[in-house]
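My request is simple: use the sequences and hints to build the entire structure.
Listed here are the chains, written in short residue letters.
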Amino acid sequence: MIEIFVTGYGAISSIGNNVEEMLQSLLDEKSGIQKGKLPHSEKQLVGEIHFTNEELIKKFGLKTTGSRTGILGAIAAKEAFANHSINAEIRTGVISGTSVGGMDTSEIEYRNLLEEKPHNVANYQFHSSGNSSEQIAEELGIDGFINTISTACSSAANSIMMGARMIRQGMVDRVVVGGTDGLAGFTINGFRSLMIFDEEWCRPFDESRKGLNLGEGAGFLVLESAKSIEKSESTILARLRGWSNASDAYHQTASSPNGQGATLSMTEALSVAGMKPEEIDYINAHGTATPNNDLSESQAIINVFGSKIPPFSSTKAYTGHTLAASGGIEAVIAILAIQKGYLFPNLNHRNVIEETKLQPITTIQKVNKIRVVLSNSFGFGGNNSTIILSE
Amino acid sequence: MIYVKTASSISHQNSFQKESIWEDLHVLKADSVVISPDYKNYIPAAALRRLSPVLRMAMTAAQECQKAVEVEFDAISVGTALGCLKDTEKFLQTFISAASETLSPTAFIQSTHNTIGGQISLALGNHAYNMTHTQNSLSFEVALIDAMMCCREGKKNVLVGAADEAIDFLELLRNELIKTDRQFTSGASFFVLGSEPTKVSVADCSITFNSIDLSKEVDSFLSKNDLNHSDIDLVLHAGIELDSFKNSMNYEDYSGFHYSSSAFAFHIGHDFLKSVNANNVLIINAQMNEKLGLTLLKK
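Here the protein sequences line up with chains A and B, keeping their order. The first sequence maps to residues 1 to 391 in the working numbering. The second sequence maps to residues 1 to 299 in the working numbering.
Simulated from the structure, these hints should not be mistaken for laboratory data. Here a beta-carbon is modelled for each residue, glycine too, at the ideal position from N, C-alpha and C. Be a bit skeptical, because a hint or two may be false.
[To be verified] With beta-carbon atoms standing in for the labels, derived distance ranges:
1. Val-71/B / Lys-30/A: 27 to 37 angstroms
2. Asp-253/B / Glu-21/A: 46 to 56 angstroms
3. Glu-55/A / Asn-228/B: 50 to 60 angstroms
4. Thr-267/A / Pro-44/B: 46 to 56 angstroms
5. Ser-215/B / Lys-30/A: 36 to 46 angstroms
6. Ser-215/B / Ala-82/A: 48 to 58 angstroms
7. Ala-82/A / Asp-226/B: 37 to 47 angstroms
8. Glu-29/A / Pro-44/B: 43 to 53 angstroms
9. Asp-226/B / Glu-21/A: 27 to 37 angstroms
10. Asn-228/B / Arg-371/A: 50 to 60 angstroms
11. Arg-111/A / Pro-37/B: 19 to 29 angstroms
What follows is the structure, given as structure tokens:
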């Protein structure tokens, strides 16, 4: 069986422009969530990246222009791929997740259309979700397999999973996987219509939680087989051990009260990894801070781990919910936990949820050893994914 | 080997619940419409009212596949190029022109690409692997590649398909962004793959980007599968004209234009092999510049 190694990581979010900055914010317990600074975000608390697209392109020396989603993806993927190079002997692919792709550019143009202002059709060229992945591949100079997964908030986790499966089946040797989403009026208004924003800072797994804060960003890993590493001579950061996706089949947007889909995805990921629940040293939960998700996920964690619940936290109070990027950013956080031996806290937590009484990690903790981390990502449509990373 | 157990399409052809669509294909007229089954037989009336065409079509075709194989699917892989366009446009209009603070969430909820796969899982009560792929004109091919991976991992009844819908807005993009003279159409084609032998197998599917020399790519795909041009009984193609094969047809003549129409070509190829004394069908999807999807079906 082909083992899957992580040999690169990159992330950008409201808590840092790269992995190192993100680690510092995590250690400092410094959230990136604040009042939005753009017309579409100014009414909310959001995890915004305070650079315009043009500033980002210049700052990171990007070749790509395009949508914010593509730009953020290119930045994180470029960091992940920084110590890699194109090699004709290494079949390399890109699999990226996004929820709404280039909507941030489309919605500006569509407003012009509705308001009968000059309408520039060319600005829709970045609309399709598939384009953001092609932008990323072009930025990295990769012309192998390219795919985009769009399963809302589990997109990045599913891209990681797809990449691992392709390596295991010998279809690629190396693959850049993750997810990206730029903040857009479409998603901000969408979540507003669902009335699941918290007007205060979000409080995952807290009894008083009222909803989520949105965020934006991108997180990418480079996955490789051992054979590929012999050629690329890259450094191993971690191993990807398990993965799974399962359907809750309960409701288009709500999670089941018994956490069936999440229970299935965690159980199956453990089985792919050939591990027992007690081998998990830390869970980076999906933990959006909506009343529904956190209760359902807590129930699922109890279903899988029984009375021996590993240390867990949601890091969404740091970054906001970055939608399709969340599984990628959190996979990077999981690897940082393993590398540095820190349990990252669930900020803003005061009281446990009455029904389940699960107590997350609330302050930064240095521990002896974190060997194995389980990371959850759940999306609309009951799309539940779990990945397991280890040293 | 990976076999096709059943095929179901809702399209601008009379394709739904047909033993074989091969004998009854007609070149589409410019004003053709979707030939819709009675969706009420598949979707409760209350739900039906708020479902967009792409969701109705996909859910119905998927349920027809479920009826044919009976056993619960152990994976679902959906491709869509542009997703739920109607609800996307509706929600854009809603929030851009919204006068009040309260917005109806229905269009937003139904706008994300994976609403298609999600609604299929809900309609079937299916808890299995559920994936949504989107890669422009290769969206069906990437969904198919995932489904074939699922089969190789031991899954026995894998639902795979693609769905896209046309909205009037697309006319604004014609020529400048979408290069076609054809009618924009809607379509949903779903299939069940498995390891149990049937009349038709999927031998290979590959995608390439930045393909400059298409005929070279086709040749190397064929030689990888130990085939010559003369072995191919039917080529179904889009975006490329070919004279080196004995029998070829442009599948967009029958599907009209949507970016996942190679799924309908898959259905044509499947039914051709089922009904005609022939062995190999090659689907060449070069709908978009430099992007090439190649799929080989065998008896």
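Quick check on a hinted range of 50 to 60 angstroms for Glu-55/A and Asn-228/B, using CB atoms only. holds, 55 angstroms
Outcome of range test on Cβ distance (Thr-267/A, Pro-44/B; 46 to 56 angstroms): violated, 32 angstroms
Cβ distance range 27 to 37 angstroms for Val-71/B and Lys-30/A, holds or violated: Violated: the Cβ-Cβ distance is about 52 angstroms, outside 27 to 37 angstroms.
Range hint 43 to 53 angstroms (beta carbons of Glu-29/A and Pro-44/B) holds or violated: For Pro-44/B against Glu-29/A, whose Cβ atoms are near 49 angstroms apart, the range 43 to 53 angstroms holds.
Between Ala-82/A and Asp-226/B, is the Cβ distance one that fits in 37 to 47 angstroms? At roughly 41 angstroms between Cβ atoms, Asp-226/B and Ala-82/A fall inside 37 to 47 angstroms, so the hint holds.
Hint says 50 to 60 angstroms; check whether the CB-CB distance for Asn-228/B and Arg-371/A agrees. With Cβ atoms ~54 angstroms apart, the hint holds.
Note whether the CB distance of Ser-215/B and Lys-30/A lies within 36 to 46 angstroms or breaks it. Violated - the Cβ-Cβ distance for Ser-215/B and Lys-30/A, about 57 angstroms, lies outside 36 to 46 angstroms.
Satisfaction of the hinted span 46 to 56 angstroms by the C-beta atoms belonging to Asp-253/B and Glu-21/A: holds, 55 angstroms
Take the C-beta atom of Ser-215/B and the C-beta atom of Ala-82/A, compute their distance, and say whether it sits inside 48 to 58 angstroms. violated, 37 angstroms
Arg-111/A versus Pro-37/B beta-carbon gap, inside 19 to 29 angstroms or not: violated, 38 angstroms
Using the C-beta atoms of Asp-226/B and Glu-21/A, is the stated range 27 to 37 angstroms upheld? violated, 53 angstroms
In terms of the numbered hints stated before, the structure departs from hints 1, 4, 5, 6, 9 and 11, listed from lowest to highest.
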